[in-house]
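Spelled out from the first residue to the last, the chains are:
2 protein chains.
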Amino acid sequence: MDSALFQENERTAAVTDERQIADLGPFTTERGYDFSSIQIAYETWGQLNEAKDNAILVCHALSGDAHAIGWWSRLIGPGKAIDTDKYFVICSNVLGGCQGSTGPSSLAEDGLPFGSRFPIISINDMVDAQARLVDHLGISRLHAVAGGSMGGMQALAWSVRHPERVQKCFVTASGAAHSAMQIGFNEVGRQAIMRDPKWRGGDYPLNDQPKDGLSVARMLGHITFLSEDAFGQKFARRLQGKDTFSYHFGVEFEVESYLNYQGDKFTSRFDANSLLVLTRALDYFELKDLRAATAEFLFASFTSDWLYPPHQSETLHQMAIAAGLKSEHVLIDLPYGHDAFLLDGDVQGARVRAFLG
Amino acid sequence: MDSALFQENERTAAVTDERQIADLGPFTTERGYDFSSIQIAYETWGQLNEAKDNAILVCHALSGDAHAIGWWSRLIGPGKAIDTDKYFVICSNVLGGCQGSTGPSSLAEDGLPFGSRFPIISINDMVDAQARLVDHLGISRLHAVAGGSMGGMQALAWSVRHPERVQKCFVTASGAAHSAMQIGFNEVGRQAIMRDPKWRGGDYPLNDQPKDGLSVARMLGHITFLSEDAFGQKFARRLQGKDTFSYHFGVEFEVESYLNYQGDKFTSRFDANSLLVLTRALDYFELKDLRAATAEFLFASFTSDWLYPPHQSETLHQMAIAAGLKSEHVLIDLPYGHDAFLLDGDVQGARVRAFLG
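As they're listed, the protein sequences go chains A and B. Under the numbering used here, the first residue of the first sequence is numbered 3, with each subsequent residue one higher. Under the numbering used here, the first residue of the second sequence is numbered 3, with each subsequent residue one higher.
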């Protein structure tokens, strides 16, 4: 295993100077909630050509943000598979998120955070908000939509909801619908948050959110992102900064230190209510078929990904075939677990480059 | 998949009239903590023969108790693999537990619960307390020690710590040491408890324990006991008592209802500090080899058990072989995940019967 690949993912993408905010005006969700206006934070890389046909929309996963060149640095950049010398690459923070787009921590018209008043939203709502952003950028048709995990679900939703606007669709480490186990993991995370007294029914001050519950939810998330192998390679049973046990309930093992650190760090950049809203959208998502789609598909999955196991990608590929669409499913043998979709620039990258080209 | 096997495990074994409490007097832990006296709760089934050579000690897993005929009903009973018509079967609640044996919720000499004063204990301590119980019952040598998961670790510890007292050793769904991933899952559970304000550093009133944290820890446990397949078969994406979503953060899916129910139910029978103490003992346990052992071994593991994956049992089997001991490892292909060691009476049962006979 290449240990260089285990450098910390840049999930914690800094808010960069390049980030822009689009005011997109009134927005009605799929279930009929009327926002008087929504904002979507986004970044772009590369140049839109004159024909405006070289745009690629990248969709982020649960805890990601608009800074795709950070968290997907192995795929996006000059000369990389999603080549910013060639394509105009767009990534926006999802509706319901907390990195500049309208979400539960945004201020409502009364000047207070939405909190519990933020509506339940869907993957389709995220995609419809992105479509408005794409309008705003003057682009009618995307060369491709690409995403992994929750980002893959958005790409799928694009393909059936706005088929005329999507030429190619790259979906990695994702699925057509959450299984009971996936819903179960999300539910444990939600309960960790909602059972934290500081959650206060969702209406907490933004400077005093339910950090402990959010941290526990994130710790659990980090376990599901890796694999047994990846954990073993990364931590084994090594102790944290000592040679012998201290015999207490504090940190003994490196893996404990890592999880607590990741959990606590997350609370400084993520809103607990956003985690609730986005995991709910994930659990509700259920793609029945791809008959409305016209795009060409590339699916990727990873042998060690037990959170979004390869059979879920194979099901998607079969849906595309059943819909008469051109489709490929690449099963990639790497030991990094779900995180592989972020870490693998090589195998995935070569396939994506050929697919887009 | 046989859906009958999915009836609720009898993890929640009632405290029966048959439960007895042995006062075992002073006890010093491996690390030198002196209890002025310990109590061990136990049950027995069958008759001890005159030669006193037909006793089998059964060791329970993390959340089990002395009522083995409940939680291991598929293996223990008249005519079953661990045949109570033939053997004298003993099971005790572990030291550090909360079902009648001395643990953090027991009252210390000052009349208050031990709470944070309860020492860190080891699997060896559990086993040494059991050895004292076996003395108390007038038995010098056990025909067998048997256990799964944490119970398997106790059986292993018996084999190397009291080799002259163990003839056969059956270890199922267990391992020589927790991997980083296993430690990680335990740590998330511990953090869920310790970050609950009601934990109060471990010194909470027994009628007001950190229920929410304990419940979240247990929910997570229940996910790790099953497999993706088992979850799918049991719940799929079925909704709980309705045909359409309610669009809120309450229960939507059956799997959510199940996990919350299991989590909350657990808090009425289990002590949060016991969960901390026992998971710590699990994480510390590390069996280097079996050279001190003399017993004959049978190891079982299950293809779908990703919490204690089969390779951990194979490692144990190889340790036994390397120590020149008679050993067998049976890999059983069943889809129930870690719970298979509780649910499988057939395949496992036949092997155990032959092994003991």
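Because the hints were derived from the structure by calculation, they are not lab data. Some clues are possibly wrong.
Any copy will do: because identical chains look the same in the list, a pair fits if it lies in one copy or spans two.
As a list, the in silico BS3-like pairs of lysine-lysine whose alpha-carbon atoms are at most 27 Å apart [as the list claims (entries may be wrong)]:
1) LYS200 <-> LYS236
2) LYS200 <-> LYS213
3) LYS88 <-> LYS244
4) LYS290 <-> LYS244
5) LYS290 <-> LYS213
Here's how the hints hold up against the structure:
In this homomeric assembly, LYS200 and LYS236 never come within 27 Å of each other (Cα to Cα): the closest approach is 33 Å inside a single copy and 34 Å across copies. Taking CA atoms no more than 27 Å apart as the test, LYS200 paired with LYS213 passes in both settings, with 8 Å inside one copy and 16 Å between copies. Proximity of LYS88 to LYS244 under the C-alpha cut-off of 27 Å is found in neither arrangement, the shortest distances being 50 Å within a copy and 50 Å between copies. For a Cα distance limit of 27 Å, the shortest separation of LYS290 from LYS244 across copies, 20 Å, qualifies, whereas the shortest one inside one copy, 52 Å, does not.
With identical chains, the CA atoms of LYS290 and LYS213 are never at most 27 Å apart, being 37 Å at best within one copy and 39 Å at best between copies.
Checked against the numbered hints given earlier, the structure breaks hints 1, 3 and 5 and satisfies all the rest.
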